[in-house]
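J.: The chain contents come next:
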Amino acid sequence: MRIVTVDHLTKIYGHRFNRIGALNDLSFHIDAGEFVGIMGPSGAGKSTLLNIIASIDTPTTGSVWVGGIDLTQLNDAALAKYRREQVGFIFQELNLLSDLTVASNITLPLTFVPPAPSDIEARLAHVADLLDLTGLLARYPTELSLGQRQRVAAARALITQPALILADEPTGSLDSMAATELLSYLTKLNLEEDRTIMMVTHDAFTASFCNRIIFIRDGAYFAEVTRSGSRQAFFDQIIDMEATINGGGKRRETPRVD
Amino acid sequence: MRHLAWTNLKRHRHSTLIGAVAAGVLIALAYAVGALIDMRPLMHATGSVLEDSRLMPAVMTLAWILLLIFIVAFLIYLNTLLLARRTEELDMYRLLGMPSSRLGGVLIWEALMTGAAALVIGLVGGVLLSKLLAMALVRLMGFQTAIGIQWSLQIAGQLIGLFLLVYLIVGAVNAAFVRTLGHQRGRRAEAQHLPPRLSGWQVVLACAGMLLVGWSAIGTGNYFAWVRPLRQLTGLPGWGQLGLLTFCGILGTYLVFRQSLPAAAFLLARWRVVRRHAKWLLAANTLYQRWRRDHFALWLITLLSTLTIAVLGSAAMLLQLGQREVENSMPLPITASVSNDALVEKKAAGLITRQAKVTTKRMVGKTTLRRQGRDDTTTTLYQVMRLSDYQRIRQWQPNLPALQVAPGQAALVLSDPAFLRRGPAQRLVNAGRQITFPADGRTLAISDLTTAFPLGSAIYFDRGLVVADSDFEAMRGVNDPLAIYWLKETAAGHRVEQQLDDQTQIDYVRYDQAVRKGSKLPTMTKDTDDSFSRSGLNVRRPMARAVDTLFGFAVFITLLMGGAVLVATACILLLKQVTHAQGRAPVRRVLWQLGMPTSQLTGVAYVSTFGVYLAPLVFASLNAFVIVHFIASATAGQTGGLVLVVWAIYSLVDLAFAWLAAQLTDRYG
Ligand SMILES: Nc1ncnc2c1ncn2[C@@H]1O[C@H](COP(=O)(O)OP(=O)(O)OP(=O)(O)O)[C@@H](O)[C@H]1O
Ligand SMILES: [Mg+2]
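So the sequences go chain by chain: L and D. Residue numbers for the first sequence follow our numbering, so the first one is 1 and each next one is one higher. Residue numbers for the second sequence follow our numbering, so the first one is 1001 and each next one is one higher.
Note that these hints are calculated values from the structure, not bench results. Just so you know, these numbers come straight off a predicted model, no measurement behind them. Beta carbons are placed, not taken as given, at the ideal position from N, Cα and C, and that holds for glycine. Some clues are possibly wrong.
Said to hold, decoys possible - Derived contacts from chain L toward chain D, CB cut-off under 10 Å, selection only: (1) Pro41; (2) Asn51; (3) Asp76; (4) Leu96; (5) Thr107; (6) Thr142.
Isolated chain D, as found in the complex (with noise of 0.2 Å):
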């Protein structure tokens, strides 16, 4: 038994090799996540820097644990996978007379053994990976902490015990499904390759298919301005819109690979250029058996890829946003506030290398802005700084812009970039309103606009405002100095910053009737809820680190995750091939014997290789594209930089796959 186990290996040995490694790298997989729970002093590490040490150990334990199902899930698919291409064989043992509990046994043997060559693969890849795992995480989090190869006897013992478990039962359900192949025999003679067809309701269908892919895509982007109203027809509130897009999107690619990719081949190879061309029209021919064929699985990898390529893009833009928002909020390494610089002095005593006092007024102000095609008229705080105080601030903060103001004018400062519109000849829609300030009655007119806060936003009440010198000595404002300070590069100097940044200072000012009207001045208080609020005390760098260790931790999940499931499409893609090009393999030898060149025999491999292969990736880019879109949008992040080389490796890893994948057609036949 378990040599005729062996034997049948051996002739499928392309496909369980495939099945083994992918196993094995997912177990590998497993094993690192597993062994990163178990490292204390890096777990402890993270712990201390996003303040709550559970919360680390807690998170990758639910990625280990969703990572484990979907491994096993995976392992299920693929038995099925292996076994329909088996049944013939398998169906023939009957067929000679072999007892299927024989059949039976031959197939738990096989479960097993190819569960143990994957253990085997997966535990002595995962120890080696959790160690390259570890250090990709120290670098992703931004620490310094010396990792060793971790063996972890637990963990090895939890997954040998659970994948043996699964291989068992897999090949227990194929036991049992051996039993039931008698009753098939006959129904499975039909021919390897069905003519092409193409009906009418199959045209229709194709059609539907693309109409609901590309209005899933314009109606989430939200891209023209019919759309609106459309979306609205429905009656259904914002979420279930969005539900039915995306149900739309999940349907229509199903369609897409079951009809429209399959009649566009059809179609192509009906077209005279390529009849003309036998390369072409045995790749299109193949194309339309192999999208028709294996639309299911197409389907399921398109929905996986979607899922990755916008998982791993949206963890890449909320990193860059989180790093934005640490270097819009404070640029600086200390800021402080009056009622805080004396505590910063106490502390910092002899680590302060430059420091420097920029004095701010606070002032309310009320001003008739547009944004969005509306004008809105808001009364609000400002903290009105002088032009030269601004000057010397952009020597300190780069990227400060130039601001345009003369006496008379002022440069406003906000966070929504929605009120920077421009109109024609690139001028800001915004220039030349007024600013009256009801406790002198000054109005003054609005010259340019920026969302770059000097000393960064976390040190503004709301909004800021610079004027020339001579207007700030003149306003009627309650006086706020702000403090910056440059300390040591040194250990004391770091440990200072972190002490500082544990001392949450907020700092309260009044907003009663008698402010907005002008009568009083706005001044320091408690919390109430007439009060406007921001922190008094910014320290930059403990805030830095805890942004790249939160969303770092965020883009290491989300690459792991990404990691299996790329592993996992590969290979279900990878077995299909192989199955195909065996099959194929008959049909390749005949066109070598009527003397089609070997060049353009590879050429067939490679077109109908990678057109099955890029069909799921563009359409999973495609999606994504919308959905990453989508989150930017709602967060105000920018699909850039990142996220295109997040999507950029993603997509070189597949299509070295579709290589090998081409490699291995080629050799057959």
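Chain L on its own, in the form it takes in the complex (with noise of 0.2 Å):
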């Protein structure tokens, strides 16, 4: 079934004289169930792409389809409906509130339209098990580390049950421990609850995780590869790739991977 399917996407910022392409006639489709890479080189268009994908951002032409749904055709209440319950963004910044416990964090987007839903502690209870956050859900963000601020991000993502979750960077400011940390955490819930996850990165073991990379240049569609055996050989492809992506030449030393 696809859930996200991107057709002619273009997007041009700037005015009349000063024009900057971001995305440029961009197509892709994400099956349900995905676990989808982005990556390219920076100013290539991956969280421009995100970011319309989110309806945080509009397209110039082209459109955006996600659960049959045409995105450039919903009104504002529509898309922050959609905004609200289709989809999850673990933004790069976290962008969690300073002055909410993690706990008020989380559930916040449960909260935007009363009622609140019957079973709102349940599903917090859910999310935190899953994300090991149960200790924590009294403290301010200000108390958590960089990791776990990220799993609370994570968290609050995942209480709407979203279909799609979009992930920019997510690890782009975590040592390898926590980045591992957070990879198995969102495998997991891409295996054991079926989400469908769309992640940029530009980093090639955050990338190994997934099972499908979809590479873009100058805002088009470069290539694609596809994972079909162990996660190390999946790691030397997207090297491989982005090498190519990059003009060849560099090939970076592998890492061990376990």
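Hints given; two lone chains; assemble the complex.
T.: This is the structure in structure tokens:
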């Protein structure tokens, strides 16, 4: 089943005399249950793409279909409802509210439009358990480590039980230990809870947790790699593709993956 | 340097604009008041009514100087506010290697540019406002003078000089401040919004704040029986107790903003119902941060607003009191005693449209009345009147009540309403008491009491008495005929009234031991230690005008000051609001990205903004009500009508500013 269809998507920033093309006639689609990575050089348009799918940004031309709905046809209120119910966004900058407790931060999206669901406590307990946050619910974000905060951001994205999870470099500011931890949580979500995940990253190790990688360059579709064998093999494939996209030549040393 | 200054002003255009406009409005006010003092014909006209041509300019000049001091103080406070929110930016300029002398120069330029803008707004606005104020003054004081647009070069020059100097000094102080910046680096890195906290001693202080405010209000108003002994526990004299209560109020208000309100918001945010609705949760959290962060400004604003509402309310109350006093003391155009009617008839010859005579008798009477729970026996002078005359006077003086008087009975007229208390079944406590007259040994039963004097209290020596016609004829007293005149409503008539008013006529009547015992009758005499007095010639119109002028003037001055305070406080709150909204914009964006509907986001902005504006208004209104009530009980005034109107107008203007601030907040992010 198709969950995301990106159809001839173009995004141009700026005005008439100073145009910056961020996305250029980009098309692809994602099936339900996939864990897709988006990669590409800096400035390729990865964040722009994710923002448009999250309806935080609007396309110049082309369209995005999510779960059978054309986002360009929705009005403001419907888009807010879409963001609230269909997608969960894990921001790179986390965007937690520092004057709310971890618990309130996580349940926030459920309380935007009253009445709040009656099983709110149960849902909170569930995601807290899943992301190992149970002991931290009464704390404030400033009292957490970066990795813990990242998990809170993930929990906030999950609590609405969205069909689609979008993550923009979720491991960008984490050390490899914390990154691995978060990625294994995401994998668990993908496998156990059957959530579709789209993750932007420019780190091959992070990308190797996905089962398909879409490469974009200069805002256009460049190539894609699908995992077929071990993670190590997938990792090597990704490194190769990165070398190609950067014009070849540079081949980084392969780290151990276990 | 000038270019950079301009860019900076543009970058902070909202706060620059608010600051310049507020300063401009205040300067306009200062110009207008200054120009009013310069308006010779107006000052002359007021002088002629107040019988002292120097009073008005003197008071106005005093008000002007106070206004200028207030404005300068406000500008300095405003500058510290504006600078505090820019330290980060200024720090960065220094970090990037801009020499402090150059940065200082930029700040001086910025100050001068803002000052110039404020002066332009102020002088243009001032010229228009001065005409408006002059017209308002003319109306409030009730006379006809044509007012043109007033352009006073001298006042404008003074203001330009003063305020350019103030802005220059402000700029220089800022420039000096920049030099100290380097030392503080790193200390200010704390988070924008600290997590809310509530510790035990904060709860104690929060409760103490509410208790102090409550006690200050209850104690000042003396609303309960247990208040007095509690107040006297301190062993202080009355004024000392009041001082202590005022101090309690001021300290309590501070604690309320510092602790009680944040604590309330904190508890609110913890409440299950609130936690389940993001709009209320976010609003409660925002209010916690705002009240806590801006407690000093909010406290200051509350005090200023209290003062403004209280002074405005008191002025309104005194105006009403004065008008009621005129109505009570001289309800008819001219009343004259027998020694003065010849004078009136001579001066007003040909202008009298109607006249009437009423005969009263002067008698000494003795009675025991109950007042504030105690019986008091008094012997004093009564002017006795026929019931039929009273009925006749009621036609000209419609506010007189109908009195129940049968033969053998008397209706008592006196000025202290405390004697008119009613007991069970609405029966007058003092009805049924006896009044005896030593001169003829007669005794009458008091059947009714009133504070409305027929013909007005000014023509009475002390109390009045209305008796049945048959009793009146039989009573042994000195005849005291009173005359009432109505003059033509023409300029000539008014002029004669003015002339008559200038002739002060006091009647004295003997009140020695013999008179009290009844062996002699109370007759006219010269002023002695043992005498009663009254005004023998009362002209209503000039008196009413003098009262209107005097109190109208008082209301006018307080309105001016109130307006200045309102503009200043609103500006401070607006600036705080803009600062807050800018800091909060990223949060609003996050909430929007998470799918919070815009209507809910707007709801948060409105609830939190109105919470910030309403808190000082509510506490100031409460305090001001207590103060006005206190003044009312001290002056026998009444807190009603006009006081409420004044309060309502103040609140409406304040809420309009709140709405504007909410709109601004809603537009960020
Ligand atoms: N608001 C904007 N206004 C103008 N140009 C923009 C804006 N946002 C992004 N761009 C431009 O669009 C292009 C794509 O930006 P985008 O943020 O999507 O890149 P990215 O692939 O996420 O890069 P990175 O890996 O560095 O995060 C860039 O050239 C960027 O300069
Ligand atoms: Mg990016």
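J.: Sort out which numbered hints this structure fails and list those numbers smallest first.
T.: 1
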